[in-house]
Amino acid sequence: MTASSTLRAVLKQPSGVVGVALVVAHVTMALVAPMIVPHNPTLQSAGAILQAPSWTHPFGTDRLGRDLLSRALLGGREAMLIATLSTVAAMLWGAMLGLFVALQGGRTDAYVMRIVDAMVSIPWVLMVMIFVAALGVGARALIPVLGFSYGLSVVYIARAAALDFVARDFVLAAQARGERRVTILWREILPNVRDTLAVQGAMQWSWILLGISSLSFLGLGVAPPAPDWGLMIADGRGIMQAAPWTVLWPMAMLSSLIVGVNLAADAIAKALGVDRTFGVAAP
Amino acid sequence: MRLLSVAGLTLARAAGPVGRPVVVDAGVVLGPAQTLGIAGESGCGKSTLLLALMGIVKPGLRVAAGQVWLDGTDILSAPAEDQRRLRGPVVALVPQSAALSLTPTMRIGAQLAEALAVHGRLAPAARPARVQDLLARVRLPDPARIGHRYPHELSGGQMQRVAIAMALACKPRLLLLDEPTSGLDASTQSGILDLLDTLRRETGMAMVCVSHDIGVLARLTARIAVMYAGRIVEDRPVGAFLRHPAHPYARALLASVPRIAALVLPLSIPGRPPAPGSVEQGCAFVPRCVRSGADCVTVPAFRDVASGGRVACHAPDEGPLILPAARTGATGAVRGDGVLIVRDLMVRYGKAGPLARLVGRPAPPAVVDGVSFTLAKGEILGRVGESGSGKSTILRAVAGLWPRSAGVVTLAGSGELAAQTVQRDRRALQRVQVVFQNPDASLNPRQSVREILAQPLRLYFNATPAEVERQGRDLLADVRLDPSYLDGRPGQLSGGERQRVALARAFAARPDVILCDEVTSALDVSVQASVLSLIRALCRTRGTACLFVAHDLAVVAALCDRVAVLHMGRIAEEGPATLICTAPRHAYTRSLIEIAQRNAAFGEDPEPLPS
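So the sequences go chain by chain: B and H.
Number 101 in our numbering belongs to position 101 of the first sequence; there are no gaps in the numbering.
Number 872 in our numbering belongs to position 589 of the second sequence; there are no gaps in the numbering.
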């Protein structure tokens, strides 16, 4: 299936249209926001603390008098960038290892997978805390940890998807020809599991984004005073009842993006004929 | 009184563009205790028609016209409850694959008792005795106890017997059989056919049997209907049909069946059947027909044939069936220098673990034991045996895909071959190529034919894209496919075309030895004939030696110069094909030949074997 025919099949489904529209809107916003924001997102204003939405501040201001519209528009940029890089890392190593052990089978498969099982049992928040303690908050600590821990679930999925094909005769035929293992993985197996991995990548991205926002909320993710949805929610949590707009906008932004990615991924899965129940939940 | 009467039955696709229906204008009349066989190749609509006879329309299809009257009821329009009442006591089905139709988690006795309970005819207390009686009727060993077994504890033939017992549970007056012996070994198949014949005589039930194998129908039924592209094209008494088939398709189909008595390559039918869903314009067989004329733009009506039955053709041929002359004497086999020499090959599945060795448990038995043979340059060596005889294991061990426990495989010019492909050098790999049984599985569905053919060319000859393009075209021409197929994917090709692509891929490596593992067993008989002649032509023109493994002695004997018969992992007998088939020495070979003769006893009378 070509990219354009896949897109057409995605846009035939109502949920696909909504999902793709939400994702496109968010990505566009993240790209153009620095050029259109009305105020400096980190500029504190003692005279404009906790203002309700008005014409000057359409989304209101927070407890330091910062403009919430500007902060909400910019608040996804860093998290989305980190999520993208972490997803690429997770998919690369997870898929490579998963496909490799599936083809290798036997003892290699058994040993590697038991190690992966053991790794999965370590809570990833604990790993983040260790890395943050060593490297400080921000992308430098988050990308390796998230890329590693989310990559573990990719190993399972890539392996399971590839196992369907390693026993087929075309892989045996390639072995009989004497093809190298890399060639077999790249030419024979990868094209068959590509769709499953693509859908899985989209899901991973949304889980990682949610993970980053949770970390920022806990003070382990994006460093203040940078605008970030997770940070903004943490910031407004205590005054939520007096000034609900402080948490409302970042929550709306974050959830619309996550819902959008999930709807789009579901529609892509349906268009490609990938079984989405296959995907395991986030660690 | 008619038991079954089908008139003008047309089953069309429920959705999608209007095209050729799956079954067109089918008419069948069957009285009590009569038998009918429906023959045809895959996709001709025979199984769809069979299921419609018991009121089942396959999902995605609808009844466009016609009725099926079963015991006075129009079963296709009858309410579900009436249909249900007819199934069991009036009509019963033995489905295609017994292994799939039995519930794996239920003991077979319990499954049979359930079949008895559905119609509530028998008191629960009387059921065990009846189950035992049924198991005895289908000649299962130890009927008193075998009912306690699970389906996986039975052999393929035994499962088929259980499926037959289940269909017989309510004493049907009409038994429908869908490919009752496909997937079974020749001797098992023979036993099932004998059983069905005996049961029919004992019970006096009528029978409709669908099979791609005319030999099966010839043994089981008194009449044969041939289907092509959804239509019944010929409906004849079996004797008249086998001697004087009238429809050009039926004649070509019979000529494409390999016969053990002839030892020559059967004739193939050029072209391919119309694509499903294409629009019907006149007789569907015209593009492949040798007798087509101006009349054939209209759909032919049935006409009577002098020797009995009727045929739907504008220009039927009523002469006797002309078959290729039998091969006689020496085969002209090339007995040059040996190119592949196998000595004392032994293969075990698995090995005893350290613990098992410690307690002195013996190693698992050998599947292949002490097998030696020499393949000469340009020679086609056949290897025939039933399932479990180790024939495919030998091939895989030679190819380096299965570790051998003992023995030496030597390739002239490359020395001794390592046990595994990963230990072999590129030159040795290039000189031995494998073609697998099922092209659906051996071709990657995500690759185009160009990519498939490019792999050996790149791997062994570092071919550039331009060379791949040029050689790919040449290879397709060699296997008689159009160059436009280079851009196709396996899913767009027919089964026969896929196997041609697989052959082209193997020959792309310019091998000295080609190993063919049951390469025609997944194909229709007319397609099989064309693939066999293609293999012969490719090997002869290129001087490639071929090891051809198959379960069907008639196929092996037709293609090969020499034949080795495998029995329980050992070579029972080996010699020139003509000699093996006319003067077998081993009792096992003799039994294989007798079965093959009985299964394909048409066109001429089998000559008795000299004893």
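Bear in mind the hints are in silico, worked out from the structure with no lab data behind them.
Be aware that one or more of the hints could be misleading.
[Claimed, not checked] Computed cross-link-like contacts, DSS-like style, restricted to lysine-lysine with a CA-CA straight-line distance of at most 30 Å:
| hint | chain 1 | residue 1 | chain 2 | residue 2 |
| --- | --- | --- | --- | --- |
| 1 | H | LYS454 | H | LYS341 |
| 2 | B | LYS270 | H | LYS454 |
| 3 | B | LYS270 | B | LYS12 |
| 4 | H | LYS341 | B | LYS12 |
Against the structure, the hints:
| no. | hint | verdict |
| --- | --- | --- |
| 1 | H/LYS454 to H/LYS341 | 25 Å, holds |
| 2 | B/LYS270 to H/LYS454 | 47 Å, violated |
| 3 | B/LYS270 to B/LYS12 | 11 Å, holds |
| 4 | H/LYS341 to B/LYS12 | 29 Å, holds |
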